[in-house]
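Trainee: Protein chains in written order, with my numbering: chain A, 1 to 230; chain B, 1 to 229; chain C, 1 to 249.
Worth flagging that the hints you see were computed from the coordinates, not collected in a lab. Just so you know, not all the hints are guaranteed correct.
Taking lysine to aspartate or glutamate and the EDC-like style, the derived pairs with C-alpha atoms no more than 20 Å apart in a straight line are [as the list claims (entries may be wrong)]: (1) B:LYS83 <-> A:ASP91; (2) C:LYS66 <-> A:ASP91; (3) C:LYS103 <-> C:GLU57; (4) A:LYS187 <-> A:GLU2; (5) C:LYS103 <-> C:GLU187; (6) B:LYS83 <-> C:GLU38; (7) C:LYS182 <-> C:GLU200; (8) A:LYS187 <-> C:GLU78.
Each chain is listed here by its residues.
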Amino acid sequence: MENLILYAPLLARGTLVTVQLALASLLLATILGAFGAAGKIGDGGFARSAVFGYTTLVRGIPDLVLILLIYFGGQRLLSVLGGWFGFGYIDISKFWAGVIAIGFFYGAYLTETFRGAYMTIPRGQIEAARALGLKRFTILWKVTLPQLVRFAIAGYANVWQVLVKSTAVVSVISLQDLVGLANDAGKSVREPFTFFAAVFMIYLFFTFISQSIFNWLERRYTIKGRNDAA
Amino acid sequence: MQLNRIVENYDMFLQGAWMTMQLTGLALFFGFCIALPFGLARARRARFLSPLINVYVYAFRGTPLLVQLYLVYYGLAQFDVVKDSFAWPVLREAYWCALITFSLNSGAYATEIIRGAVETTPEGEIEAATALGLTRFQVARLVLIPSALRRALPQYGNEVVFMLHGSVVASVITIQDILGAGRTVNARHYLAYEGILTAAVLYMVLTLALVITFRWLENKYLRHLALAH
Amino acid sequence: MKRTLGAALLAATFATGAMADSLNICVEGAYPPFSYTEASGDVAGFDIDIANALCAEMGHDCSMLKTDWDGIIPALLEGKCDAIIASMSITPDRMEVIDFTTKYYNTPAAFIGAEGMTMEAMEAGVVGVQRGTIHQDFMEGEFPGVELRLYGSQDEAYLDLVAGRLDAVMADSVAMDDGFIKTEAGEGYAFFGESYSIPEYHGNGAGIGVRKGEEALRDAFSAAIAAIRESGEYAEINARYFDYDVYGG
């Protein structure tokens, strides 16, 4: 137990890396999800097939495989590109490889979440707005988005919870995140149980905090009795 | 891209695929065995059992599978009392550690799925069954459970895919599953990514097979809901 | 303005000139006592000391890049580093992909296990090796029936040995002696059986890996190795870690 206290600063540093990784990935995933949903909802045939390809491929593989692919394969890709364009070796840091991998991975899931939320908006509202002569941008901003956000909160919260747990897997490429540091520390003092138990509790804490925040958000943004499709 | 190396080692990938399917399948089976009674107990709000089960579900759903695996594989081996016990021959093996962890994990998710499905049973079905004079046990066996399982099918299909994907962490504790095979081939022939790419393709194939299977099952067992769409 | 620009350009040329003399060396940092990571995160050990000595001899500035063993050859091929100094054995398989200098040490491989372990017990049990090493090749070649476990690093294999998951570990005898047997964790464990040095599996010792085509660099390293053997600097570094000459015959 004393070892835990001794290594607390190290674990704190690891927790910070994990949190940063999770938030950065969430941002990337949200952006990709938004574009993906737009692509699938819109009229462009190419966009729709591209997004379909993206979501099907990404949802067909485990997160760890994508992380390894992006870390090792991405490095090779950058080298090849570097060869063509004449710039030398560019290093992909483990952190950014993790962010790109997890962001890309959950962007596919968020595409479905956002699309599902869009589908829940009663068609009639969009039609009415158009009949009123509102411009496309106004419709998007005043009618579609507020409701999309409301309907997407539950699904978004779900994806966030899974994303946070996925960050543990980035330790496999030796990123010095919470799991990675706990692994190293636990092994060097030969108390892996203590350290992993601490990591377990920290993740439980993340889960608890996230749930509370999203519950609050849901309460704030849902209107009593108006949450489901008309 | 050195695909010839992959082709040379196809047997390693096949063995890996078998290992993955084994682990996934058994974990789902044991998880289901845990989830059926637990889910029912939770839905009925059984007095002492329900909160305990809730703790189990919260713990296993709220933390990463990898951390759970590390706790069982590395963590338990730290204690001499474990090493001297009868459980050691089992816990010694990475395979069993993985299977136990995966089963408990899958069980937690499946418990929630079954609980949700049982709780949304239409009242009428239970009333009708009771009115027909069936005992509580018969109601459960003949009406409640089949009805709930049918409702749980889509979500359970998701859980099956998640378990398949989750099983990949077994390769981190020396198990030669699909990813393990990929990394070994990479290491042996100094490839950067070909082995991992092959692993990705294999997972996609398995996922596709599962998705098709569940679509077929849904068509078969949820046909009575088809008109609702 | 023109003078400062000129001075800046001149400085830039010297800077790039100086940079051309700096080398990135891939090291593992998980193979004590040849290569290990200190609490500060820096790598140290025999490999690192030799690398620094060679670089000084060649007049280069070297920086050590800690790389996972699994990705170390791809890293070299990609240009992340210019040389591998990570106790990498010179084997025909590897020579198909990269070039090696002459060896900088050669020590035999051996088995370790709990005290009292025998060859018969080992053959019936489970043996751990590091993935992608000559030791894996050796076990698969000479003891194909034995159950093998592959690990990303030597340290992980030691852990499972202590946990009781392995009956034996096969690796470099010196690495295991100083990196495990002589440490606190290694109490109760010892060598058993013979030591092995079969060129077919173990090659001709550990060399420095460079990309194919980098003949000048390779020869410069080889010359430097010979130079520090001559000057006695090798012996000095050797003495820091070992009681005997690891260069081998």
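Trainee: Take the hints in turn and mark each one as holding or not.
Mentor: Verification of the hints:
no., hint, result
1, B:LYS83 <-> A:ASP91, "44 Å, violated"
2, C:LYS66 <-> A:ASP91, "13 Å, holds"
3, C:LYS103 <-> C:GLU57, "17 Å, holds"
4, A:LYS187 <-> A:GLU2, "15 Å, holds"
5, C:LYS103 <-> C:GLU187, "32 Å, violated"
6, B:LYS83 <-> C:GLU38, "30 Å, violated"
7, C:LYS182 <-> C:GLU200, "29 Å, violated"
8, A:LYS187 <-> C:GLU78, "32 Å, violated"
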